[in-house]
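Student: Residues per chain are reported as follows:
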Amino acid sequence: MRTANFPLEITQELLFSKALHEGVINRQTQNYSLQTDKLNVFIDNQHILKDIDLRIPEKSITCIIGPSGCGKSTLLKTFNRMHDETPEVKVTGRVVVDGLNIYDSKTNVIDTRKKMGLLAQRPCPLPMSIYDNVAFGPKIHGLRKRKSLNQMVIQYLQYVGLWEEVKGRIRTPASRLSIGQQQRLCLARGLAVEPHFILGDEATSALDPISTKKIEELFLKLKEKYTVVLVTHTLRQARRIADYVVFMYMGKVIEAGTTEQFFNHPTKQLTKEYLSGSFS
Amino acid sequence: MKLKNIEETFFKALMIASTLAIAGVLLMIIGTIVYKGLPSLTWDMVTKLPGGGFYLGKEGGVLNAIVGSIYIVAGSLVLSLFMSIPVVMYINFYLPKKSWFASVVRFSFDILFGIPSIVYGAFGFALMVYLGVRASLMGGIITIAMLITPIMMRSLDEVARLQSRDLPDALLSLGATKLEMIRVITRQIMPGLMTAVLLAVGRGIGDAATVLFTAGFTDNIPQSLNQPVATLPLAIFFQLGSPVEEVQNRAYASAVILTVIILLLSFSARFFSSRYSKSKI
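From first to last, the protein sequence lines are chains A and B.
Numbering-wise (the numbering used here), the first sequence opens with residue 1 and increments by one.
Numbering-wise (the numbering used here), the second sequence opens with residue 1001 and increments by one.
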């Protein structure tokens, strides 16, 4: 069972919603390194996220699901402060990463983003060679030694299973890779920055089934070392790889829990309707 | 035939006719200057400075104007790139999407774009008189830079605006600073940058009115930024104004030289930008 590593009370209870399980949450706070407190997001004065209180368990895969426009991607973007780039977005509340509120004025946005590896919906390789794509992150964060860079590039390309496919041509432009390969390259590029968390924003939705399978297998491998948070619109994907599921609707967290519990014993009427396909 | 078919045929014919007309005009221009200029286009024209009495039909060439034009355009291109790239990057990637300030900047560059080159020349001249600077290579470079910066800025801006948000987002999420992001984006828009440079150079090298008062004219190649400099458009202008037929023909030969320079620049820029994008992007 995937959740075997977690304390019994965590796997048995619905942990994510503070409102639901305040007692359990408070006792287990030290196990969580990513959590939100009263997180609200407004875009052009529209209330997009409403009082999100989440605890994301460490070293596991948490899938955020919900119908289009429910705020899943907006929530994910608050985790690496990508909303900073759009001034019409206002964020209130706290997002605490490794004990630090990332929205505190003292927190450095670059450090925060370094901790959060993002895998976007469409792969976007940088306009440079395969090698330089992976080496870019370490380079901008100060690694200059050619030998260490080489090692890093090989290591992460191997990790995402791309090394064998590209080893003869790592100096060729990354844009020549297939789209599935590009997505794995983007993952390697993100990992090379040595993040603590992996965020995926519908990271497989542009890929074919085989590439999707490869990425999903990588996520399963990644959760041994990283905390993985994925936004997905496919319930089946959540069922396949998630340890925990968060269901959002209209900017609110409706229900959250372990995958087994969420899919087999949903407690909320809205969740049941969503799972049965009454709306999507 | 149905009405729709007639309509289709009519407009198709109209498009073909316009295309042919445009191509025809280009051919006629090139044909005229080549026909009139080629007999006078000797090796001396491109390798020699004007000798005494050159403008009366005696021996010499327009090397002074060729070198002068290249100096001015190269100088103003560098100056203009240093001004327009930061502006374009700032209004596209630092300011928010709906920024009123960016709109103001775009609007002002649109106005500058439409100002006739003689006005730039007059403005540059007034400025130089005020500063006590004489017509010189420096004056020419600055006024030509004023002329071509709006062109460069507008075409770069179009390229930058068409960039998807994916690349900036990918870079920022890796923890890149904005400056590191800008560096990568500049590589991405390199082909667009080349087009902008070509448009600007084409305009800058061929413009006579701007340099008329600001760069002066001389039979020598300038040795410093403070010396006056000859340019090809002015060389054509002065030679064409001569009553001597041979000198007039040399004006056409100079026009051929100018056209060939622009064509060479154009082809080499295309060649390098396509090679660059194939190997790097």
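Hints listed in this document are in silico derivations from the structure and should not be mistaken for laboratory results.
Using N, Cα and C, we set each Cβ at its ideal position, and we do this for glycine too.
Treat the hints loosely; a few may be bogus.
What the hints assert, rightly or not - Within a straight-line C-alpha distance of at most 16 Å, the following computed EDC-like cross-link-like pairs (lysine to aspartate or glutamate) qualify:
#1 B:LYS1097 to A:ASP37
#2 B:LYS1178 to A:GLU85
#3 B:LYS1097 to A:ASP98
#4 B:LYS1178 to B:GLU1158
#5 B:LYS1097 to A:ASP44
#6 B:LYS1098 to A:ASP37
#7 A:LYS90 to A:ASP44
#8 B:LYS1036 to B:GLU1246
#9 B:LYS1058 to B:ASP1169
#10 B:LYS1178 to A:ASP111
#11 B:LYS1178 to A:ASP37
#12 B:LYS1097 to B:GLU1180
#13 B:LYS1098 to A:ASP111
#14 B:LYS1178 to B:ASP1166
#15 A:LYS59 to A:ASP98
#16 A:LYS139 to B:ASP1166
#17 B:LYS1098 to A:ASP98
#18 A:LYS147 to A:GLU165
#19 B:LYS1036 to B:GLU1245
#20 B:LYS1097 to B:GLU1158
#21 B:LYS1097 to A:GLU202
Stated by the list, open to error - Reference excerpt, derived from the structure (chain A facing chain B, CB under 10 Å, subset only):
#22 MET82
#23 GLY93
#24 ASP104
#25 SER105
#26 VAL109
#27 ASP111
#28 ARG113
#29 GLN121
#30 LEU126
#31 GLY168
#32 ARG189
#33 ALA192
#34 PHE263
Student: Could you work out which earlier hints the structure fails to respect and list their numbers in ascending sequence?
Tutor: Those not satisfied are hints 1, 3, 4, 6, 9, 11, 12, 13, 16, 17, 18, 21, 23, 24, 25, 31 and 34.
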